[in-house]
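Chains A and B are the protein sequences, given in the same order.
Each number in the working numbering corresponds to the 1-based position in the first sequence with 370 added.
Each number in the working numbering corresponds to the 1-based position in the second sequence with 325 added.
Hints should not be assumed to be uniformly reliable.
[To be verified] Beta-carbon label-pair distances, calculated as ranges:
#1 A:568 with B:514: 24 to 30 Å
#2 B:337 with A:566: 54 to 60 Å
#3 B:454 with A:474: 41 to 47 Å
#4 B:447 with A:476: 45 to 51 Å
#5 A:498 with B:490: 30 to 36 Å
#6 B:545 with A:501: 54 to 60 Å
#7 A:411 with B:506: 20 to 26 Å
#8 B:346 with A:541: 39 to 45 Å
It should be emphasised that the hints constitute simulated quantities derived from the structure, not laboratory data.
Using N, Cα and C, we set each Cβ at its ideal position, and we do this for glycine too.
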Amino acid sequence: MPPRRLARRLHKWLAIVVGAQLVLWAVSGVYMVSVDLDIIHGDMLVREVYPVLDEALDDVLPPAEVLADQGRVTGFELVSRLGRPVYLVTGTGGARRALDARTGALLPDLDAQAAAQAAQSHYRGESTVSAAVLLTRNPPSEIGTLALPVWQVNFDDVWGSSFYIDPVSGAFLKRRHTLWRVFDFLWMLHIMDYEARTDINNPLLRLFASLALLLGLSGCWLLYYRFLRRRPA
Amino acid sequence: MKTLRTLHRWFGVLVFIQVLLWIGSGLVISLLDADLARGKTTLADLPAAPLVSEALLPVAAVPRPFAGIESVRLQHLADTLVYRVAGRDSSQLYDAFTGERVTVDQALALAIARQSYRPLSGDEVMPASAAYFEETVWRVAFADRVETNVFVGTEDGHVLGHRNNRTELVEFLLMLHFMDYTGGHDFNHPLIIIAAVLALWLTLSGALLLVSSLRRVGLR
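Chain B extracted, bound-state conformation (with noise of 0.2 Å):
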């Protein structure tokens, strides 16, 4: 008995824990400007440049990568114009004029961040530098308040995102939120579902406890 009377304490005491850092964490992430921590303060909105109709190679003599095309897309890439060759799981670039692939190379890369890149207000233009992040990826590392990485995918040139140090902290408390110390975002695993039924008792308890208190003894 004495035991059981231990274990449950110790269990109610760790679902405490629990609630406290959820209210915690949630606290802190309402605090913090969500805007900025999903980096969509300096994401730019892409200047909606009109397309050249003239000297463009015909679709038909566009080369193809792979088979299984779903869409060929005229834009603008910084300042060249290409083709977008997109399939299901790639997609590839080549200069509209000439056909030839373009690949995203370092300079590009930082040419393409920067065109995606609103400074903070108060800031001038900031210097940036690009590498490798993966494989597929180009991190350009802009040298703001905040560290603002953004990143640029190697194949086609697309801006993945923009993140900085409040995206790490934000991260970093939705472990503690998500209760998934793995890295993942998962929020619907057997921990994090038991300790929600916990705090759910918790709070129903606590209100039944609050409305027998006030019917005895009113608000002392």
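Isolated chain A (complex conformation) (with noise of 0.2 Å):
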């Protein structure tokens, strides 16, 4: 076969293996490029708070007395939660727990109006909580390895915005919103990872990447003859 023949036919048979990922490659990354990726992150949706403990440090329990009825510890920590001091103890195994800085009783969980409390105060916009689910088990991909359980906050804005806070701490931990979302999904056609959608050295990925490359020398050579052989005739 003639080398500009073979040229041609690589192009071709390569275009049909990898064509439909080449143009998913394209409209993933025009997308990745296109929206600001701090309105990604949902920043516009985020207000800055900055819970201050200062009028707290006086009034609280000394670590030492608190820390003597709680067996071992691991982790222990002074922070505010919807304005109340209180002690982050986290228990040989992980398991954390909150206690009133104040007086040293055992705090329950946020509930959901609490929960709703905390994600509307990181809230930038004027729309209001829709729902707040506290998520068990099954967790969506969208929180990726967060702890459970966790609050769900839906705001009803038109970014389907949904915070995420740690009933223990009271935490703002995450925000996603649409447009992340369609970031995400269009990620996981680019890196080709279906799954966790993380993975960027999965071989199916060094496949495709692989063929693409010689898709694009085979344009190279093809090119070649187009532009540089034909011009001494």
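Reconstruct the complex from the two isolated chains, following the hints.
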């Protein structure tokens, strides 16, 4: 077969195999470069709040006294939970609990109303909470490796916002919205990891990227005939 | 007309070069071990050592270096126990028994880095040395085969991350992939948006050509 026809045929065959994925790479790429990453991260949804402890520091129980009743502990931190100073205690197994830092009393996890209040305090927009759902199993993939249980607080806004709140500490853990979810879906298509959407070393991606490189190089070969070989004639 | 055609050709070639760079850099990034490049392979889990409860200073007696304290955490630091007092922009360490300020000096930075470091498979304990990287960061260099650097905050001894020569290689490839030649990793700039749209056109027109060719001559 003359080399020119070989180049053409190679290009065509490779295009049949990887063409669809090449279009997906381009479509997902256009989306990812066009929508600003700060928007994808949901910065416009969030109000910066700094819950300060200063006034409470003189009234809290001494850690030595609190820890004496807690058994073996690997984590101990004083933070503000919805304006109340609490000690967050981590047991040796990783289980966490919140104690009222003034009395030492064990505090129950945040209820739906408190979770909604915590989420609202971090929310910049005008919209209100449409639902607060305590996720205890089968977490949606959008929360990644967050430990369960976790409160999902949804807002009634155009962004389709969900804020994730830690039921023990009241901490604001993650925010997600429609444009993020689209990005994440396209990212999945881009890296061809259809399960965890995180593994960029997967064999399918390596295979297709290799074939795509061959497709591109065979395209170069064709360009060579098109642009350079014709001129002398 | 001739100028236009020349421009068109060269512009096409340029987009084509970028498409090849995208595929090539993407392929190499995919072939390189991502965990190693992100410094995760050498990052050790900190042992969850139990905290002591006796003789701890009460919180009220811990120094307050600034207004706006958001958290006070009791934690291990190398082989000492400290309170980490954190605010919006800053955090400082105090000895949990005496309340004395703990500063992260060279020796402490080295100890913290060593604790966060897990040797690569086949490696023994690696020699390491600490040096100032910039005003608030220590850089602890390990003599392993990927030249791992551990970055430790001078203020609160926080391990900022592990980097190695694979990290730098991936960053170079990302520079090509993101077309950000300023040293950052911004992929939302006009140049790449234009290039991406043109690349989309290239793939879509290629797909149309393929379909029409298959209709005309089949698989030949």
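Hint check results:
Distance hint for residue 568 (chain A) and residue 514 (chain B): a CB-CB separation of about 26 Å, consistent with the stated range 24 to 30 Å. Restraint check, residue 337 (chain B) to residue 566 (chain A): a C-beta distance of roughly 38 Å breaks the suggested window 54 to 60 Å. In this structure the hint that residue 454 (chain B) and residue 474 (chain A) lie 41 to 47 Å apart at CB holds, the actual value being about 46 Å. Taking 45 to 51 Å as the suggested C-beta distance range, the pair residue 447 (chain B) and residue 476 (chain A) conforms, at roughly 48 Å.
Between residue 498 (chain A) and residue 490 (chain B) the Cβ separation comes to about 51 Å, which falls outside the hinted range of 30 to 36 Å. The hinted range of 54 to 60 Å is satisfied by residue 545 (chain B) and residue 501 (chain A), whose Cβ atoms lie roughly 58 Å apart. In this structure the hint that residue 411 (chain A) and residue 506 (chain B) lie 20 to 26 Å apart at CB holds, the actual value being about 24 Å. At roughly 42 Å, the beta carbons of residue 346 (chain B) and residue 541 (chain A) sit within the given window of 39 to 45 Å.
Going through the hint list in order, the structure does not satisfy hints 2 and 5.
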